[in-house]
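Number of protein chains: 2
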Amino acid sequence: MPEPERIKAHDLEAFIARAFEAVHVPAPDAKIIAELMTRADVNGSEGHGIFRLPQYIRRIQGGAVNVRPEIRVEREAPAMALVHGDNGMGHLVMRFATRLAIEKARTAGVAWVGAKWSNHAGPASLYAAMPLEHDMIGMYLAVGSANHLPPWGGLEMLLSTNPLAVAVPTQEEPPLVLDMATTVAAYGKVKTKAQRGEMMPVGWMMDRNGNPLTDPKRSNEGFLLPIGEYKGYGLALIIGLLAGTLNQAAMGPDVVDFNADDTTPTNTGHAIVAISLAAFGDVTAFKRSVDTLVRDLRGSKRLPGVERIWLPGEQSHAKRIERSATGVPMPPALLASLAEVARELGIVPLA
Amino acid sequence: MPEPERIKAHDLEAFIARAFEAVHVPAPDAKIIAELMTRADVNGSEGHGIFRLPQYIRRIQGGAVNVRPEIRVEREAPAMALVHGDNGMGHLVMRFATRLAIEKARTAGVAWVGAKWSNHAGPASLYAAMPLEHDMIGMYLAVGSANHLPPWGGLEMLLSTNPLAVAVPTQEEPPLVLDMATTVAAYGKVKTKAQRGEMMPVGWMMDRNGNPLTDPKRSNEGFLLPIGEYKGYGLALIIGLLAGTLNQAAMGPDVVDFNADDTTPTNTGHAIVAISLAAFGDVTAFKRSVDTLVRDLRGSKRLPGVERIWLPGEQSHAKRIERSATGVPMPPALLASLAEVARELGIVPLA
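In order, the protein sequences belong to chains A and B. Just so you know, we're using this note's numbering here: the first sequence kicks off at 1 and counts up by one. Just so you know, we're using this note's numbering here: the second sequence kicks off at 1 and counts up by one.
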């Protein structure tokens, strides 16, 4: 396969902003969304960056998302808040919620902010990583935007891949950023495989008879498998309760499949936790301890054939550096879908 | 196999208290530890109840644990505290920390309490479940008390099975209590297989060449496998950072193997989070929503051959009811080891 064309982050960001403005998102909000979506691509979270643009635009055009939300604090206490997203783009709601969590954690030491009436917000790591520059640990939980997971032993897809991300500051090493779905593969990875015409490994999905499903084009005939069998099911359930039910957001049968539906609001729930390192002790000492641990793990003996031990977030960090300099690789199918968006909206296409 | 003898919870508790008093734990503390250890057995967490008594006593006799700790708040903010356990029994430290988290969450909405210089505290679910009766969600994280897990791709066991437990209140249904190690199997399960002369399933352990290890008697020739491969490794690492490093407690290479060592303090770290339902909305409405979800999951269609869909904590709840009435089943080997403890300490044995 030829190397895919690369587009500079700045050009992606400008294009995304043009697209949102064309569907009547106010310019400052369009800029925020574009910046966060581009950051997702630069960080290597391709399944949650500009790849989602056509769908986001479709859902706005379908009336499923409010382009002029009044995002507000509905309830609060010293260490928590419940944010009402007013059905705005998830990026706007979660940026608001995360900034609030960081502010509250400065005085409370720790803060937990939930969000309701939000929407898909891109990769979990975007928000978990925001507290890093404030010397805080970030933890993000969300209800996924479509149910692909049955309870363990079940056939009905009542749960989503409900992701968890945690970001931990370091001193000299790349920050530790764990970003994981509670399924073996996230649904975005299945879509990427389908787009690339590749098969999935055994263990990603199962059909309705309990047999492995490996053709991503047949993904609607089966369901994703949880990590650690019943443990991943339990994790998906608990994350859904914390990010969804606790915030009076959709969970279980109430979750709208935003891949299949362009008109229904999703009432997506998320939660963000900020933990101030300074509350617990000396900030630099903590970060140095993390660096030491990172080096202990990276430098430890490897299984035969293993070239390198990776830390969570390390590959994303490497991509961030490389893509910031050289641009984001854009597969032809994605470029075609974005050209189509530009034509439909009558905006200047990607360079 | 004949049905194992059952001992009433009250008798177990009294025996455990006698044992700790015999090694100079003050009577009120001995009573607290005995109550929590017995609760673990009644809840079905056999690997973390009275089964641990001989080891706890040995470590106290070896000078590894302080029997008269001054457990204290070292740092605090409105929504957090760092508790110094003064190397006391983990049960005492975590009961103190959990009560503090509950108190703080009443006003702050959410509270996160870390602990350092603690010790093994029994099953994770014990502490996660304490906030339930206060209409709070509980979340507990800990650094395990021995390293059995290498980083993904690695050979050196630098991480423990670092467990996570989350407990969520319900209205009429049994509370949801997820209690999971980040490895496919906890090390206690390997020990149980060895004791019973059974083989382990493929996927629990791997040998040093990367091949499956299924003979539990050879467990020292390999290591446990994380759930979801690199995801479970990432989870174990992050939980260790939050429960250990953040609290200046042992993590990574600093972790003392408390199974092999009766003299060295472990500086065990834990964290407990309490989340007040009332801060987020109507308490009864939340609990009813959880009940509804539980029933949706339990009543959903099953894969061929599956008899029942279980919710996290449901099997433990059933054991709690049954064992409260009929006592805790005690295998002969365990009874023999407890008789030996009684002889050595010169205390009245179990009835």
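Watch out, some of these pointers could steer you wrong.
No distinction is drawn between identical chains; accordingly, a pair holds when it is met within one copy or between any pair of copies.
Each computed DSBU-like pair below joins lysine-lysine, with the alpha-carbon atoms no more than 35 Å apart [stated by the list, open to error]:
1. K319 / K287
2. K31 / K301
3. K189 / K301
4. K217 / K301
5. K301 / K193
6. K287 / K193
7. K301 / K8
Derived by calculation from the structure, the hints in this document are not laboratory data.
Hint by hint, here is what the structure shows:
Proximity of K319 to K287 under the C-alpha cut-off of 35 Å is restricted to the intra-copy arrangement: shortest distance 22 Å within a copy versus 44 Å between copies. For a Cα distance limit of 35 Å, the shortest separation of K31 from K301 qualifies neither inside one copy, at 46 Å, nor across copies, at 45 Å. In the homo-oligomer, the alpha carbons of K189 and K301 lie at most 35 Å apart both inside one protomer (30 Å) and across protomers (26 Å), since each shortest distance falls under that limit. With identical chains, the CA atoms of K217 and K301 are at most 35 Å apart between copies only, with a shortest distance of 24 Å across copies and 40 Å within one.
Taking the shortest alpha-carbon separations for K301 and K193, both the intra-copy value of 33 Å and the inter-copy value of 28 Å come in at or below 35 Å. For the homomeric pair K287 and K193, neither the shortest alpha-carbon distance inside one copy (38 Å) nor that between copies (40 Å) is at most 35 Å. Taking the shortest alpha-carbon separations for K301 and K8, neither the intra-copy value of 38 Å nor the inter-copy value of 48 Å comes in at or below 35 Å.
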